[in-house]
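For the record, the sequence lines run as chains A and X. The first sequence begins at 5 in the numbering used here and counts up by one. The second sequence begins at 76 in the numbering used here and counts up by one.
Some hints could be false.
Computed cross-link-like contacts, DSBU-like style, restricted to lysine-lysine with a CA-CA straight-line distance of at most 30 angstroms [stated by the list, open to error]:
1. X:Lys90 - A:Lys52
2. A:Lys52 - X:Lys183
3. A:Lys49 - A:Lys35
4. X:Lys198 - X:Lys90
5. A:Lys52 - A:Lys35
6. X:Lys181 - A:Lys52
Simulated from the structure, these hints should not be mistaken for lab results. As the structure is a prediction and not an experimental result, all values here were calculated from the model.
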Amino acid sequence: MLVMSRHAGETILIGDEIEIVIAQIGRRRVKVGIRAPRNVPIVAKEVKLVREQNVAATVPPSAEAISSLVARLQVPLACNFPKILSSRAEE
Amino acid sequence: MPVLVSKNFGQIPFKVESVIEFPAGLPGFDERRRFVPVRMPLNDPLVFLQSLEDPALCFVTLPLLAADPGYRLCMSEEDVELIGLEAGCRPQIGREVLGLAVVAIKEKGPTANLLAPIVVNLKNRRAVQAIAPGSEYSWEHPLLAAEAPKCS
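Could you build all of it, start to finish, from the sequences and the hints given here?
Next up, the structure:
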C-alpha cells in the first residue's frame, strides 16, 4: 500500500480524474473530500460489507436450518421482548 | 387488523403499531422502508423482519443481547438523529432502543452482524442499520461455538 503524508487542505490525485482532498483533521477522524466522475461509486468500506452481508442474509433459510439454530443457541431465556415485537405468526 | 403477505410465512395479521420504519432503508435495500417484526413461538428468540413492500424480503434477526450479552451499543451522531433521538444521546438497549443483529445462515454456520446492528427507537419505531464508527465488532460473529472435536 502506498502511504503518503498530507496536511489539511492538501490534495492527492489518482489518475487524471480522481482528486482526494484532506478537508479537516480532527482528534480521531479526518474529513476527506473526493472529486470523481459520476460513474465511480464511492462508499465507505463498512457500508459495502454490510450491504453484501444483508444480501447474503436474505437467502431464505430452510425450516431445518432455523430450528437447528434455535435448538443450539445458548441464550439466556430472560431475554426481554419489547411490546413492538408482538406480531406472531401461527405455526 | 391489517394482514401482510410473506412469501415464507403466508399471511400474518399485524398491528399497525408494530411497523418499523427505516427512513434511509437498509444497505443493499435502500428502497425498502417498512418492516414488521414477526416472532414465532417455536423460534424464540429469533425475530423475523418481514418487508411490507416485498413479500419475498425477510431478514432473520436476533436481539443483540441474545447474540452477545455484553454488547455495547455505539452509534454515530447521524444515526442517533436519524431515528429521532436527541443529539448527543447514548441510547441504551432496552431503554430507548431495541437492538437486532441480522443473522446469515451460511454453510460454515450461522453468523450475526454485530458491526451493523438494526437499532429501533422504541418511542417512534424509526430504525436504522447503524454501522458503529470504529467498532471492533465483527460483521460475521459466529453464533454457535465451534463443536468440540469428537473422540474416536
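Next on the checklist: Let me make sure I understand: some of the numbered hints might not hold for this structure. Which ones are they, in numerical order?
Outcome noted: 1
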